[in-house]
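Start from the sequences, fold in the hints, and give me the full structure.
Protein chains: 2
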Amino acid sequence: MNGKNYMSSSIGGCKITGGILGKYQKILKERAIPYQWEVLNDRVEGAEKSGAVENFKIAAGESEKAYYGTCFQDSDLGKWMEAASYSLGWNQDTDFQKLMDQIVELIGRAQQKDGYLNTYFTLVEPGHRFTNIRECDELYCFGHLAEAAVAHYQATGKTRFLEIMCRYADFLCDTFGDGEGQIRACDGHAEAELAFVRLYEATGEKKYLEQAGFQLHTRGSEPYYYDIEWERRGRKSFHPHLQGERPSEHKEYDQSACPVTELSHPVGHAVKIGYLLAGMAAYSQYTEDKAMYAACKRVMEEILSKQIYVTGAVGTTRHKEAFTKDYHLPNDRAYGETCASAAMAIALRRMLLVEPDAVLADALEKILYNALPAGMSLSGDQYFYVNPLEVYPKDIEADHDYDSVKAVRQKWFACACCPPNLIRVLADLGEYMYVFNESELYINLYAESETDLFWGDSKKVRIKQITEYPYDERIKIVLECVKDMDVFLRIPGWCADGILYVNGEEKKVKAGGKAHYEKIHLEKEKTEILLEIKLTPYCVRANPEVKADAWKVAVMRGPIVYCAEEYDNGKELFSLAIDPIEGFEVQKDPDLKIPILIPSKGYRGNNWKDKSNLYTNYFEDFKKTPIKLIPYAMWGNREKEIPSEMAVWLNVQR
Amino acid sequence: MNGKNYMSSSIGGCKITGGILGKYQKILKERAIPYQWEVLNDRVEGAEKSGAVENFKIAAGESEKAYYGTCFQDSDLGKWMEAASYSLGWNQDTDFQKLMDQIVELIGRAQQKDGYLNTYFTLVEPGHRFTNIRECDELYCFGHLAEAAVAHYQATGKTRFLEIMCRYADFLCDTFGDGEGQIRACDGHAEAELAFVRLYEATGEKKYLEQAGFQLHTRGSEPYYYDIEWERRGRKSFHPHLQGERPSEHKEYDQSACPVTELSHPVGHAVKIGYLLAGMAAYSQYTEDKAMYAACKRVMEEILSKQIYVTGAVGTTRHKEAFTKDYHLPNDRAYGETCASAAMAIALRRMLLVEPDAVLADALEKILYNALPAGMSLSGDQYFYVNPLEVYPKDIEADHDYDSVKAVRQKWFACACCPPNLIRVLADLGEYMYVFNESELYINLYAESETDLFWGDSKKVRIKQITEYPYDERIKIVLECVKDMDVFLRIPGWCADGILYVNGEEKKVKAGGKAHYEKIHLEKEKTEILLEIKLTPYCVRANPEVKADAWKVAVMRGPIVYCAEEYDNGKELFSLAIDPIEGFEVQKDPDLKIPILIPSKGYRGNNWKDKSNLYTNYFEDFKKTPIKLIPYAMWGNREKEIPSEMAVWLNVQR
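Chains A and B supply the protein sequences, listed in that same order. So for the first sequence, numbering that gives the first Met the number 0 puts the first residue at 0; every next one is plus one. So for the second sequence, numbering that gives the first Met the number 0 puts the first residue at 0; every next one is plus one.
Check the hints yourself; a few may be wrong.
If several chains are the same, the list does not tell them apart, and a pair holds so long as it fits within one copy or across any two.
Unchecked claim - The list that follows gives simulated cross-link-like pairs (lysine to aspartate or glutamate, EDC-like), each with its CA atoms no further than 20 Å apart:
no.	residue 1	residue 2
1	Lys570	Asp325
2	Lys600	Asp620
3	Lys513	Asp609
4	Lys56	Asp100
Since the hints were made in silico from the structure, they are not lab data.
Structure below.
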């Protein structure tokens, strides 16, 4: 299955130079990355305290302050470092590089003699390493720091960070395993699996790949380790909300009810399972474990066909931040954790490296344009943790069932996993564009960009995309390759109509069906492709079993999901309706890089003159009203401090 | 305001002999009352244990068993005794009367020497009387036993129960007050206010009326007693979910944020505020406290115009079983506690005795025909605690936000306040029909019945209603009165058209507006009234601010709210729609006593052949389908054990 040895571009190998994806990276460079560094150093007034950097200083003996934060505070710094490392691929600021080198050294100084590296367990519970593997995120934190070290090495060639993390990795390989005296367990929160594969990718050391396999195969095995350690701890839990729970009665939470190769449905915590799928896919790239990838694919297909929001968000309940059941997709109480979108994007990217699949690439694109960037303000310094598809501040005020929903983005969070997770994906977008090997090149995303793809040390393909997609319909791709290759262009599933020219010659494009790749054989050294994907706005309906979206439509243009905001349309958005057949006017907005949509026929219903009654006899009423729809990812950016309404799914009126 | 000294019929003075209200009383007599007695004695297999009767035996020293239940278990027996007492008005079973006499004696034997009567604090926390007045329901339990004693006395003339409870009441009047050494507090859960007024009504003892006033005026006063007793207890709470809460930071819970005369909105626990309104109204009957009734009326008007379900249910969140905010009326997560419907019915009855008001009487009728009886199966032995307006078992299974919602009625409950509350209202329906004094008679409810109204010891009016209302449109009322009187017939607000004949002569009836009374002057000794109220089915819409009901209608016929059930219409009721303009076929069902409704134009949308996709391009689709609507109160009676769907609000399609 993975004999094809696919790769992505290197960090820096693909530079996105325009379009909305380029704009997101610009926001990262100019604001989000530096802003998050300030927050991690507790230098932002009015933001929740972090302590993430200070904790390393304390662990290094360089600060007298007290540890601050949860047991996984280290991972915030790890994710930020990873994002910062990716950004070095398109931001050559030498001062910034120096800063990062200093951070690496600080991290090294917090490392213990035996290689262990975790500020919480160094400072707060020094005698309790590995006593609560289910809850305390030790390997999860390792994983995020390790991914950062790999990214830093791949971006700069510097090995210092990698050395630090390999020392810790070696210690973990000794500590965890099937052998005598070893701990036969995996972290409650998947992450180390992917990290160990990445360490293998960076170093070639087989033991890291084996540890990834060990972690994966241990999950869901007997004896059930989390009960054993729970009994040993006198049945105490770390997190208050888990207190009193016997772990084996809640196996779904961390996907440990069965071996991962037997998983068939998305269950439990949405971020955990996303990270697990990423690890399963990454491991599948380098092994012949067919059952591993088959399970990964099976679960992802279940998510995509039964438990994902139209925006690409996943996670349908705040109760343990989890998946629930097929087709249960409430819009107002959607969880849609930003971290879960990041996890899904990473998992899909890894899956595409095992087996390119246009349907999976469509899903990836959906997430990268909607669910994920919605988690960040266009100013780059405010974030969502929960990403609902419907926000009504009155409901949030009225009802504790909405306790997790915020109507405005936040400067930071007590649990701050989401903002750095978001930026480490957006910073790495270049690696999401292409999947290739010696003879095949899959173009999964379209964006104005310049890319050099290398196989070994020699350049193989130069790719220049000239396009304003998804703003504009035309995508020009100029390819220069050193030898014959097959190029596969993703034709999205939503594409109703498209034209393809290869070196000026028209080629028929199948459209209006399932997402697929159009194959073009490149024989020349230089090939010019022009792909025109019709971007007529369209409406979608949900599966008949989805109660939340019955009698409603979501409006889309290409991969972009739209929404109505109070700022444009007034309060009580639930009273709006549109005619899904009559089409939309497309208003280009060069600033926003994505057009505004105006339904040709928009209505407001529920108009009353006399509001004194709660119930009244039915009378038909709806009147035409102009409605303005903006990209979902960009909601809540005007009047950022004022809680206001937003809705993706709109009523239908013909 | 209350100079008019209105009264209701005596217990037994009004016998309901037919119609759906008569059917409910038949269910009580044949099943519900005896069934609940069995449950209270822990003799029902598969039902939650009660311990309510056993606890009295233990407190009387006649059982070695351990106390069972919450701190307010006594109130379950109190409510049942009250219901049983009312039933003696229409069920003259002498064996049953003997049983009740025995229960009264048992209650007496559980009483302590100083008059205190509470099995929890006698057996479980003997040293802790009145140490947690906010939470532990001592006066609440007193109140329910006292109401039972009054009802028993009024039904039978026997004074034993009243003597027992007056001993306790006297003790409480000594214990609670403004004087030196007295406790300056009211119970966290209103109830004793109404009970003390009823003791005054039964005995004429002014001190009971004064204690009612003390309880009412103490609520919300400073110093805030609940904090004082909380500090004295070392800040410990009785209920786990209140642990850690400083009472003064949660005053809304028990409506203690301000003096009751300043209340302006429904806040906090729905049952507590319902009981409080009942107490406020009852007290207003016998005092000149204008501010008290004005506040009661103000809050009730807010409820009726902003925070009540179309079924008459109240309580919009499971979080503290409370009211939330204006127009926040989720259907699937509706709380609609049966006890709250009972409380509302009792409060409205009491308010009508202060000031007859057709709008309030309409609201009362709505509750008595819909929200309240929905809480009981037609078999009389299964109950709902929470009464949603929309049930989707898949949602309940999927999402912990639905934790309080059951799709099938239950045999009993760990917290069993609802079933006996329901039966004490339904057993007393006769007292809900009329409000009268020497010169005025208000007919608030229509039902086949025979009534003798007394003023002092002499009969004043005999009323015979011959009707199958609300099954049939014709209401014949034969009145024989001993002197001139004004009779006021309620013309409901929903009545679009009506004809009135008085002794054969047609009289114009104003209809199609607000609920009001039509006044008829009776000069003759015998008057025959024929009122024909058009019962054409109609659809209602909700206020434009109610998000939950936007673009939907509820179907009604007269006071009856209808719903669609899965049993008749299949799954995914959210995919149904009706044309609200095209009318309904009325299918009479003599068994059910309420007709079935068939929309002339019913549709099912969301039809798909291929369910493999989660989202697909919009296509218009809905096909005609027969839809069957049944009375909401009667849902869930076929296939009682099988969780199935139900929905009140239906989509509109024209």
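Results of checking the hints against the structure:
1. Lys570 x Asp325: between (32 Å within a copy, 15 Å between copies)
2. Lys600 x Asp620: both (15 Å within a copy, 19 Å between copies)
3. Lys513 x Asp609: between (50 Å within a copy, 13 Å between copies)
4. Lys56 x Asp100: Close inside one copy (15 Å), not across copies (78 Å); limit 20 Å.
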